[in-house]
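Asks: Protein chains in written order, with the numbering used here: chain A, 1 to 304; chain B, 1 to 668.
All clues given are correct.
Derived contacts from chain B toward chain A, CB cut-off under 10 Å, selection only: (1) 32; (2) 33; (3) 36; (4) 39; (5) 41; (6) 42.
Keep in mind that the hints were calculated from the coordinates and are not lab data. It should be emphasised that the depicted structure is a prediction, and the values quoted were computed from it without experimental measurement. Backbone N, C-alpha and C define an ideal beta-carbon position, used for all residues, glycine too.
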Amino acid sequence: MSTSSDNRPAPMRLLDPSVLGAMSNLELVAKAVVEGFVIGLHRSPKFGFSQEFVEYRQYADGDDPRYIDWNVYARSDRTVIKRFKGETNSHLMLLLDTSASMGFGSGDTSKLQYGKYLGASLAYLAARQHDAVGVMLFDNEVKEYRPPASKPGSLQGVIHTLDDAQASEGTDINQPMTRFREHIKKRGLVAVISDFYCDAQELMENIRPLALHGQDVIMFHLLDKDELTPEIKQSTLYEDMETGQAIEVEPAFMQKAYRDKIQKHIASIEEAANGIRADHILLDTSEPLDKALHNYLTFREKRG
Amino acid sequence: MALLGPIFLLGLLGIGLPLWLHRLETQVTEREPFATAMFLEPAKKRIHVQRKLKYLLLMALRILFFVLLVLAFTRPVFFAPPQAVITEETTHHVIVVDTSFSMQTEDRFNQAMAAVRSIIADMETDDVVSLYSASSNISTIVSMTGNSDDIDQALDSLEAGNGKLDLGNMISSLNTMIEESQANFVLHVVSDFQQTGQAVRFADMIPDVINGRPITLDIERVASDNTANWAVDSVLVTTVDTIEVGIRGYAQEDSERSISLSINEEVQQESQVTLDADGMTFVTFSNVIFAEGDNRIDIRMTPNDALAGDDLRYTVFDNSPPAPVMLLTEDEASLGVTYITAALETAPRGYEVILQNISDLDPRVLQRYPWVVIEDIGTINASLATAITDYVNGGGAVLTAAGESALGLSSIPVLDLEVGSTPLTRESRNPITMIDSSHPALGESSGWGSVNVQALPLEAGDDDNILVAQSNEQPVLLERQIGRGRFMLLATALDNTLSDLPVKPVFVTFMAETARYLSNENLLIREQVAESFLQLGVAGGASGQVYDPDGESLLSLADTTQAQDISLDKTGYYQVFTPSGEVLVAVNPDRRESDLTIMDAQVLQNWQNVVAGTARPDEQRLNDGTVSQTQELEEREIWRLFLFLLVIIVIAESILGNQHLRVKTGTL
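This is chain A alone, in the form it adopts within the complex (with noise of 0.2 Å):
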């Protein structure tokens, strides 16, 4: 929460969840994020916003026809998009999971909330560098699904998409990869964002032919401070989110045997990251979102 101690800049305490739940606008979440992650990064001297020439390259499908250079066209008349220093021209598709284990929260952000602020964020970060943006909602099947687009309005279309999203119905990963490997035909980056309660093994499975078709994948680990960390100090019975399931458990579990299973989750999905050369990155949903968008910008950087 943003408190007068929190000496950080206006724009930069806005990368805070506690405060971005004041917003009820996502795309103005994404827009205060995304400039004050800016403001930040101008300090730094890797990452740079600046509009420096680079090379022409043709004009594709999907392009916004605001960046074709319409004096080559005039010359040449060929259609070409003028590439600065900062663009990928790529194309992101962000997962979210919509599971009813991502409503799970402890204070006022819940883990979908998060999901979404990071998915915003993100659309907003890769509209900016003129990358098209696609978004798919899904639980145990796809619930929405919008193709990467680089059009006026698309931008609009995914945080729109992003925004109704409702933590509903339990996870299966299966299905919803076997759609969505369906429906993609380019490379690109595909940031899957969810708690990943589900096999290990089995989400390698659904993410391998991902990575073999040339996909960038990162995978954002939302996790509660409660699901990390969680502090009990009388016998609670928990019920599951998603499948009802009520479970007596007593404080000096949560103290370390589940704190060391959900670690030792943790690193499994991890490891089977790691085995299709995926990024994973765990956000605790309590912590700012600067540290999601400093990733992708890492991950962006790395995959060219």
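Based on the hints, put chain B in the right spot on chain A.
Replies: Frame of chain A, contents of chain B only:
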């Protein structure tokens, strides 16, 4: 208060309180959502379920508390139907088992048990049954029940006793004991039907009709013929060293037997005799050596016959030396002295009369004697009267007559009773018309009616107990309690001048009983019939401990302080400890039980026929209202039960509530 009464309903609102409190509590234990249960493991103990159960139990207890509290204030009643539902279609089997002494003969009692079990086995499903044992008294073994198992269990503890069965008494007792109902009665009498058990009047054997319901008499005989038997019938100490034993035979042929005599459990003599088949055979034992005090005389006949119990007879013989008694007289050679001395010396107990001339009496000597006799109250002077008053006050006892010297008295010394002026003449003797036979000194005295007495005209005071009186209401014998002692005044002379009492047989009995009474000797009858009662109240007015023949004490410590009637169920010697010493009481079966002659079959058939004809027709019963169409339900209050339950609930709630608190603090 009715259950729908407004106050009752208002009280029930109290139930809402625990409900509300527990609703608040249970909210705490609601489920908490968690992202996934993939990594959760259930607690080893289902703490939550246990806690929830405790909550529910606690809530139930608290609600129950309010409900019971409110219900208790309504003074609820429970309308209980009779133990078994009885209709006119029901058959009530009244089973009476003869447990008298004769049922010990051979296997009669086993046959009786088999007969009862057979009756129970033949009962219909809806029938009810009650079981009684009949001997000298009738006892209810099992009250009316529909469960034949109860009877079966009760039979296991039943056994033949030592009493005497009289069928007339049995029917009379049953009339008052059988529960009234609308059932049809079947009276099963299981017995050997001894001839001696038959009622004197045949009509006494007819049971009362209960609610006009038909009664069927079922005779279950366990003896088919007359069994030969001999019994030790009498034991008499004829002289100081001789015992005469009478053996009675109830048989067809003579029998050779050995008769042994034991004194205080030591066999002294044995004799082989031929016993007459029918009638008495006497055996005399001479040179018998008795111990001082009470002696136990056992007469045993061997070998035993079919009824072994009467082959042994117990007798008590008191071999105590004669007790001294002082006789105060003015003339040691008087006729009165002769009569009094003779009567006391021939009494069963035996008394040694010490003659003492009044003129030579040192009053201090009185203290040596438990009681004294004064021949003529008119012969004592004022100082002796004072001495005698002191003697009685201190616990002494006096029997005095009113001889010729008393005729001139205006008042009786010691008692200070006024003497009337009516002149006494030989011709004015009047008969005795009133006797207080409940008084210990007069209990066994019969023959007072033939006594004619000329008594001093006395005005008895309020403290005086008139024991014998004449037709003109003049007291002849009166008693006054003075201090700790007793003073008995015979208002006539004992010299045959004013009364013919000394020459009547009753005089000896009267003197013997009076002597025992005034000397505080035990008045217990030393030989009793089994299943009679030992009245400890007559043993000196105070009770004591009683041990049965097996040495078991029969009275609790509290009971020993008050007079008791002890049922003498066993045969043998009962030891009675009273303030005046130890007394033995011999108990034997009733002699009539030894006669095993059975009732004639025709008599029994007549009995059955007469009983069967006693029921009135249904129409008549309806008219006189003896048949009620509905059964009355018993109304029983049960609010005390509710209060008792409330106490239990409060305790349980406290314990459970404390446990609950302990769990909470342990987990925080």
